[in-house]
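Both chains are given apart, each in its own frame, so use the hints to dock them into the complex.
Protein chains in written order, with the working numbering: chain F, 1 to 338; chain V, 339 to 444.
These are calculated hints, taken from the structure and not from any lab test.
All clues given are correct.
The calculated lysine to aspartate or glutamate pairs, modelled on DMTMM-like cross-linking and capped at a C-alpha distance of 20 Å, are:
#1 F/49 - V/407
#2 F/293 - V/370
#3 V/417 - F/224
#4 V/442 - F/129
#5 F/208 - V/406
#6 F/128 - V/415
#7 F/49 - V/404
#8 F/208 - V/407
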Amino acid sequence: MKNTDALIIGAGPTGLFTAHQLKLIGLDCEIVDNLDKIGGQCIELYPDKPIYDIPAVPECTGEQLTNNLLNQLKPFDIKFHLSERVEEVKKEEKNWLVKTSGGNSFLTPNVIIAGGVGSFEPRKFSPKECEKFENKSLFYSVKDKNIFKGKTVSIFGGGDSALDWAIELSKESKVNLIHRRDEFRGAQATVDKMHELKDADKINLFTKYQMANAHGEQVLENIEIKHDNNEIKNLKTDYVLGFFGLIMQLGPIANWGLNLNKKTIEVDTEKFETNQKGIYAVGDICTYPGKLKLILSGFHEGALAARACFKLARPDEKYRFEFTTTSKSLLKRLGKKE
Amino acid sequence: MAKITYITHNNKKHTFEVQNGLTVMEGAVQNDIPGIDADCGGGMACATCHVYVKEDWFNKIPKKEDGEDDMLDMAFEPKTNSRLSCQIIVSDELDGLEVNIPSKQA
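Bound conformation, chain V alone (with noise of 0.2 Å):
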């Protein structure tokens, strides 16, 4: 379990417990965290669930995959701290994750 807050372009907070295995992704849809729409499902064919990790963050999850910076180049407003979260998976070590969503989208 990770808590993981999620902070709407508004600048609203919304913090849930996800469980370990979802993706960052999955905590939002599940929690209805406007924004994150993910229309492929979590497939990285869309940037629909595009977010931007805190730099203290960015370093500490996982690094990007192939693919996902192509499919980055797609997002609304791409940033150098921007991510995919379907592609970044819960675990312990996330706990107190942070991440913006991008004022477009939702």
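In isolation and in its complexed conformation, chain F is listed as follows (with noise of 0.2 Å):
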């Protein structure tokens, strides 16, 4: 069991930031992600793509934005705990116990939300057959690749992880590869290196096909393809992989008990703080009337639930608000000289 000050569930910008504002004011947080890196929907979903309407930095990429909120974060210690999602957020007396899906836990009187649209999890295939073998035969990523080994791999999508795959798994297995049109997204070269393994039939290459349904009593054994021209095929396979790239769910947070508005969590404007006492939501999960979902508005409301989590973290003393330009406290966190 970890305590700490504050626990920020997601390290998109506005989670980075809000931990900024904690540090600064003196109270310590930890950071809970359920991707595997930092930078939430900036890195997942447009880490090359510009964005223009950062107060005072002109023009960024989601990366960039990223790599200088971390920079600003490099004199604090923050701890990340990537690729967890909270699952569990319990009263116990004046604190929240807050339990992940890799097991930590951590007792803490302010939880801040600053999870975007909600936890990134991998798209699914369409037909309700497929659930069935999920995690068995099934699967939409990959943890151990000897698995396959002399096996049927049967790869669906059209992106760098299913070329990469059909590639890398074209070594010691039997592979097919599907995709629903002729063209796909991935990088030239890897596109090129998949069409010269089909050349020498180390890849067998299905375009135009979409997963149709699965059959097998206890283990996957054959799956149907249905072309655009709705055309089946029938393919004899042990193994399916999908990578039909990330969705964004609410996920657990819907049980916490929390007034909700469709995908968003509302809040009050002065301490960003839900229905629940201790319990903020800041950025693009939030709503309150004239809600903006601009990165900047994070910032905002960070920095405003950060000195709310003063109080209930800090009862016996009073906050006091102070200018990085001229505090001597400040200026000492900051690690520079006074």
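Put into structure tokens, the structure is as follows:
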């Protein structure tokens, strides 16, 4: 069990700047994110797309913005828990007990949800029959590639993940690559390599096909794939891999007793607190009259929520507003000489 | 202004007047049409505003730009008449447009 003044859920730009504000006013915090990297939507959805509306930053990409925010956090020691999803938030006297999928638990008076539009989950196959084989012979990511040795693997998707795995697994497995159209959106060199392997009969390529059904008693035996012209093909396969990118799901947040509005959480505009004392929501996931889903709004919301955290984390102290330009204590926390 | 009809997966038709210049996605979001989540807010980065455009309309509306097909790879059950509704800008010419929303998106 870890004790902390505040726990931030979400390592996107809003979560990162909120951490900065907490540390600056002398509170400690830890950050949990379901993704395996820091940056949230900025990194997952648009790492290379330029953003033009961050105040005083005329142009930057999602990746640059994330790196700048991390640089700004350098003076501080912040513990990140990546690839972990917060599963449970429970009241425990004056604190919140927070449990993650990675087996971590935190006891904290303040939980700040900076979860964007929820957690990123893999997009799944549409036929219902596929669920039965999930995590047994049908996967949306590869954890141990050795299980595919000498087996037949059917890989779905048209991006780099699907292509990279088709190429890699073709060394020691029989590979079917299935994609809904002729064009692949992976890197050109990877696409070329895949076509080379296809010409050498190392990869069986099926384009304009999509998953239609999956069969098997206990284990997966074969799948049906359907062409744009409705023709059905039956493929014998031991394993299926689907790479359709990620989709955002509100996930367990929906079960924490918060007032929700569609996929967003209702907050006040003084503390950005939800209907539960000590649970705040900032950034894209919060809603209030006039809410703008801009990164700059997330920064403002995080700054205010951080001040609200102070009251609960340091009930016997009084928060004093100070500027980083002049305050000795703030400069000390920032590691600048007095 | 154009009358746009959104057909949800249970075959229910929802028709609204949508202002010129808005996208078909925005028309859906403003009118609370289930199944058009538009998680990324119109950035062609999430495929949660995926619709099927009736054949006769598919060829009339402006063509897909770079990147839209890549994103449609990620959509739920894409078909040849799939579009991202955030990329279809409403104009008078679109009056009468009908789009179907995939079942799983709702």
